[in-house]
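All chains should be modelled from the sequences, with the hints used to inform the complete structure.
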Amino acid sequence: MQLDLGNLPEGAQALETLIQRFGRIDVLVNNAGAMTKAPFLDMAFDEWRKIFTVDVDGAFLCSQIAARQMVK
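In this text, residue positions in the sequence shown follow our numbering: the first is 1, and each later residue adds one.
Careful, some of the hints might be misleading.
Said to hold, decoys possible - Ranges of calculated distance between the beta carbons of each label pair, as one might list FRET restraints:
| hint | residue 1 | residue 2 | range |
| --- | --- | --- | --- |
| 1 | D42 | R68 | 34 to 44 Å |
| 2 | D42 | T17 | 30 to 40 Å |
| 3 | A59 | R24 | 17 to 27 Å |
| 4 | A59 | R21 | 37 to 47 Å |
| 5 | F60 | R21 | 14 to 24 Å |
| 6 | I51 | T17 | 21 to 31 Å |
Just so you know, these hints were derived from the structure itself, not from any lab.
The beta carbon of each residue, even a glycine, is placed where N, CA and C say it ideally should be.
Right under this line is the structure:
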């Protein structure tokens, strides 16, 4: 299943769907990432937000969803 963590609500829902389908989650590998070819000094703030959304917010949200299921 493909997850798009650039769209956090959709990505979170996809993870919830996987957990429901298989009944549990044992492991989560946070390997989603985004980047730009723009040098740091030339990067626009909205480009930075897209990268941060996928790399940091996406990892946080998926980890939280998975951890809540793992401790059950």
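If you check the beta carbons of D42 and T17, does the distance land in 30 to 40 Å?
-> 39 Å, holds
Kindly confirm whether 21 to 31 Å is satisfied by the beta carbon distance between I51 and T17.
-> 26 Å, holds
How does the Cβ-Cβ distance of A59 and R21 compare with 37 to 47 Å: does it lie in that range?
-> Once the Cβ atoms are compared, 22 Å apart, the range 37 to 47 Å for R21 and A59 is violated.
Do the Cβ positions of D42 and R68 conform to the proposed distance bound of 34 to 44 Å?
-> 40 Å, holds
Go ahead and decide if the range 14 to 24 Å is satisfied by the Cβ distance of F60 to R21.
-> At roughly 23 Å between Cβ atoms, R21 and F60 fall inside 14 to 24 Å, so the hint holds.
Should the hint that A59 and R24 are 17 to 27 Å apart at their CB atoms be regarded as holding?
-> 20 Å, holds
Checked against the numbered hints above, the structure breaks only hint 4 and satisfies the rest.
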